[in-house]
Amino acid sequence: MPSPLSDTDRQINSAAAMDNSFMLPLRPPVDKRDHKDTLPVRIAQINTQRGSFRNVTEQSLQAEIDCQKEKGDVSDDEGGETKPTEVDATEHLELLYKRRAEIMQSAVQAHMEATFALDFLSLLLSKHVPRQADLSMSAQLKQAIPHGSLNAEVVKARQSSESAKQDTSAVSRGWKLESFNAAANKLLKSAKRLENEVSAETKYWIEVLRVKEKGWKVCRLPKERQALGVQFGFLEATPVFRDRGLASLRRVDDGSLILDRGIAPARPRVLRVRVKKDGLITGCSELSRFMAGNGNSIEDRILQARDTLFEDELFHELSREARIMGNMGVRTRQNLIEFEFGKGEEVMFDMVDLDEIFTQVDSDTRSYGHGVTANAVAYGIRILLMYAHRQNLRRRKQTPPPLSPKKRPLPEYLLLRPVAAYLQHNFHVRSLDSFLGEVYQILRSAGLECGYTTGTFSSIKFAPKSDTASTTECLVEGFLAPLESSFSGTIVTTASTFSVKIRTNLSPPSPGTEYEFSINLPDFPHTQPPSRMGLKDEVETFIIHLITLNLTSSISTITSQKSRAPSDGSSLTAPRPSRKLLEWEAPFANYGELLAVSRISGRTKKLSISLSRDELTIRTKWKSAYSEPSKPITGRRPEPQPLSYTWKSTDESGKKLKLSDVVLEASKDSR
Amino acid sequence: MHELLLFASVPGQQHHELLQQLTGLTAAQPTHRLERHLVFKAYRRPGSVNTRIGGSQDLQAPEIQRLTKMLNGAMFYTQVVGPVTEKDFGSVPLSQFTARSTVNDKRPAEGDQGNWYDFEDQRWRLEFRDIPEPGARTTVTTRLMANATLPRGDVLTPMNAWGYSFVTEYIMEGDVFIHNDIVLFLYRVLTFPADSHDPQPPRQTLPALREMIPLDRSGGYVLQAVVIVTDGSNPEIMKLASQRLLGLKEQLKSAVKLEQADRLSLDTRVK
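Those protein sequences? They're chains A and B, same order as listed.
Per our numbering, the very first residue in the first sequence carries number 1; after that it's consecutive.
Per our numbering, the very first residue in the second sequence carries number 1; after that it's consecutive.
No lab work stands behind these hints, which were simulated from the structure alone.
None of the values given here were measured: they were computed from a predicted structure.
For every residue, glycine included, the Cβ atom is placed at its ideal position computed from N, Cα and C.
A portion of the hints provided could be inaccurate.
Coverage of chain B stretches by chain A, computed from C-beta distances (three or more under 8 Å per stretch; other residues unrestricted) [as the list claims (entries may be wrong)]:
no. : stretch
1   : 27 to 33
2   : 169 to 181
3   : 225 to 239
The list that follows gives simulated cross-link-like pairs (lysine-lysine, DSS-like), each with its CA atoms no further than 25 Å apart [said to hold, decoys possible]:
no. : chain 1 : residue 1 : chain 2 : residue 2
4   : A       : K621      : A       : K668
5   : A       : K98       : A       : K217
6   : A       : K98       : A       : K186
7   : A       : K536      : A       : K276
8   : A       : K397      : B       : K253
9   : A       : K127      : A       : K156
10  : B       : K257      : A       : K397
11  : A       : K606      : A       : K621
12  : B       : K249      : A       : K397
13  : A       : K189      : A       : K165
14  : A       : K621      : A       : K648
15  : A       : K536      : A       : K648
16  : A       : K397      : A       : K217
17  : A       : K214      : A       : K343
18  : B       : K253      : A       : K223
19  : A       : K217      : B       : K253
20  : B       : K87       : A       : K397
21  : B       : K239      : A       : K407
22  : A       : K277      : A       : K343
23  : A       : K142      : A       : K156
24  : A       : K658      : A       : K668
25  : A       : K501      : A       : K343
26  : A       : K668      : A       : K656
27  : A       : K127      : A       : K142
28  : A       : K501      : A       : K536
29  : A       : K407      : B       : K249
30  : A       : K165      : A       : K176
31  : A       : K406      : B       : K239
32  : A       : K407      : A       : K397
33  : B       : K87       : A       : K223
Just chain A, same shape as in the assembly:
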């Protein structure tokens, strides 16, 4: 048997290469026979193997050798091919069961044979030492066969011939050698297997240790006690996500570590925030910041698993919260949450596959005007989720309420509400700020001394309040309380002031933004602001109204002051002292109208003020002295041209006439 011998030799060599410190000879020493087979023996062998010598030619032998060689190659190839073919899991299982059944069968057989042997010996012995034999005898045997019914006698062996003896010893020697060889092969094979196993285990444990040294919590899996797992999830997350934060560390055949996350999707998914304005996407959050790199090391895998889990939880919690916010205009679809925060501006949240999104070209994103907003929202919701986790820990550490049949509700986290409130508040504050800015620009260009101050987000204080909460928590808490901003300013006369507080609540009883005015108009003590205003347009109208009211009163004071001090001719168009000025009165101050009666003609002159965020216009018009102004009065002088003057918000202050000058011009009394 040349081929197995060479195989085993190879094994020995490889074993020696692996461990050359100590070698135990496992194979039986094969002593080379000194004497060669005698020729007659050879001839007899050839005769039995090949028949007559005549059939044995060189060609036939060569052909036979080649044939054998080929066969050997083929079998070698086959052996090489079958090895890498992968058996799939079910086949593997079947094979496993079959092998197991075989082992069981062999074991049963062995047990049976051993029992028979024991019974046999016991029965045999029961004649001589019945007591002892009785102990080892099986019950069936005891029932079936009486004790001592088997006897053994020493029989003299038949004398065999010398040649037969030699044969027997040669055969037994051959069998022995064979068995020793087989045993040695098996031992060496298992040694090799063990060696591989040990190196694989070493590699596995080194990697596990490396994971542990990085600070990950490595523990036993609760459901599979013999497997190791790594905890990467968040302990304070909702139980579903908390339990998913554990993955087993499995060893593949070569000993390298793989992270087995069970049924969790392997592809990283990220929550994407987009801002849409008038149907166009104008901003998208950066996605790669929230996902660990796509490396192949185990650390990267764990980080990626953690990030994916966090993103999943984030979206889950957002959806949960969005469901209760349906009445506030939050819409949810299968994989999308969206709400409107300003005029035509929407925020959209969805989960995207990171791999897919990198291959996609951002074709739908036209401009990046809201990139910062999208990023800020993306960061904001993540910070808020972490804050919710901290609150969970805090709640968990408090003494629990008594057990009761009622299940404790799991409140929705504050994620969308603060974000929505902030965006909404910001929108209102900015719009009011720009509105006031434009209106005050008009007033200043008309030469009026007035101004306003802003206190945006005055409710948020960054100083830590208590010792127990950390700075971060205090920072976040500021955004969870109702947001408040305030504006205050003087109107036209410095004595008249107004202040408005904008408040945005994120939760019931009154979610949304409301404006609270307090005004101080000495000329109109009975004018009071409405208690609660929610609409931006309403507020703007109200401010316009306030300023108009104040303008009417200030105009009436301009002329009265002038007529009381006629010598004061500072302005260019100052009236000559000989001519009297009209005295303006405001019977309809609410409409921005002033009336004056000419002392010369007795006619009435009307001055109307119209103010908008774009311009301020003053018009004057003579009205007929009689109550029929519509009828043209014949025989009179033609009407003087009605005066009209406009200041626009784009005007620079100082370039235009002052309001007082225009009023004085308009107040000239004429016939």
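Could you slot chain B onto chain A? The hints should help.
The following block gives chain B in isolation, referenced to the frame of chain A:
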């Protein structure tokens, strides 16, 4: 309300290890707790509630019946518990502190570093515990309990008015862990050192913490696991609570042996 309890005694050497094990189990750091326990004893029966027995028209609601039975039954020891901090130990009373600081032109402001203990501002909680329920129905100790908040400061006057006299006081020191619905309290009892202090009224000041003498001189601790249930008559919830406790017992089996306490050792009745 009812509470279900299991106890284990923990040798001093095991204390640190058990703290760590419990921290791992609950996945949260413990809260250190220091409490003053004033023991009061009832000396007269509470005013009897009018129980008109006889006459089927006047059947009482079961709660009233239970209350009546409780009030007119045995008299009990109750405890008044006040949370204190480590800073309160070995500090001077507020009166002395202010007296001293006025000399130095200093006032005890909020968050002042000075150590002072204001007995008049001490918060109190009245704790009533019934004798554990008899019978080996479950393998946990079950007893009726009730807590009530008392006004701050001097607690002796109202308690006397309610028919309780002050017996003694001690300090409980330990760490609290929360494991789902179970409160784990690993504590030891500290007694006051024998000094010249009059033992009758509760102390106005507390001696330094290191001067306190542990009741168990060997330095042992007690681990107490409690679940409180709102309705002790609801068998489902009681079963759930005791299952939780027994689950914890099984979980902690290799660390400590939690078991039911002897009923009579927790007897709070006045004899």
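Here is how each hint holds up against the structure:
no. : hint               : result
1   : 27 to 33           : holds (count 4)
2   : 169 to 181         : holds (count 4)
3   : 225 to 239         : holds (count 8)
4   : A/K621 with A/K668 : 12 Å, holds
5   : A/K98 with A/K217  : 39 Å, violated
6   : A/K98 with A/K186  : 21 Å, holds
7   : A/K536 with A/K276 : 21 Å, holds
8   : A/K397 with B/K253 : 23 Å, holds
9   : A/K127 with A/K156 : 21 Å, holds
10  : B/K257 with A/K397 : 24 Å, holds
11  : A/K606 with A/K621 : 5 Å, holds
12  : B/K249 with A/K397 : 20 Å, holds
13  : A/K189 with A/K165 : 36 Å, violated
14  : A/K621 with A/K648 : 21 Å, holds
15  : A/K536 with A/K648 : 22 Å, holds
16  : A/K397 with A/K217 : 21 Å, holds
17  : A/K214 with A/K343 : 49 Å, violated
18  : B/K253 with A/K223 : 19 Å, holds
19  : A/K217 with B/K253 : 23 Å, holds
20  : B/K87 with A/K397  : 23 Å, holds
21  : B/K239 with A/K407 : 16 Å, holds
22  : A/K277 with A/K343 : 8 Å, holds
23  : A/K142 with A/K156 : 31 Å, violated
24  : A/K658 with A/K668 : 16 Å, holds
25  : A/K501 with A/K343 : 21 Å, holds
26  : A/K668 with A/K656 : 20 Å, holds
27  : A/K127 with A/K142 : 13 Å, holds
28  : A/K501 with A/K536 : 13 Å, holds
29  : A/K407 with B/K249 : 24 Å, holds
30  : A/K165 with A/K176 : 16 Å, holds
31  : A/K406 with B/K239 : 15 Å, holds
32  : A/K407 with A/K397 : 19 Å, holds
33  : B/K87 with A/K223  : 46 Å, violated
Checked against the numbered hints listed earlier, the structure breaks hints 5, 13, 17, 23 and 33; every other hint is satisfied.
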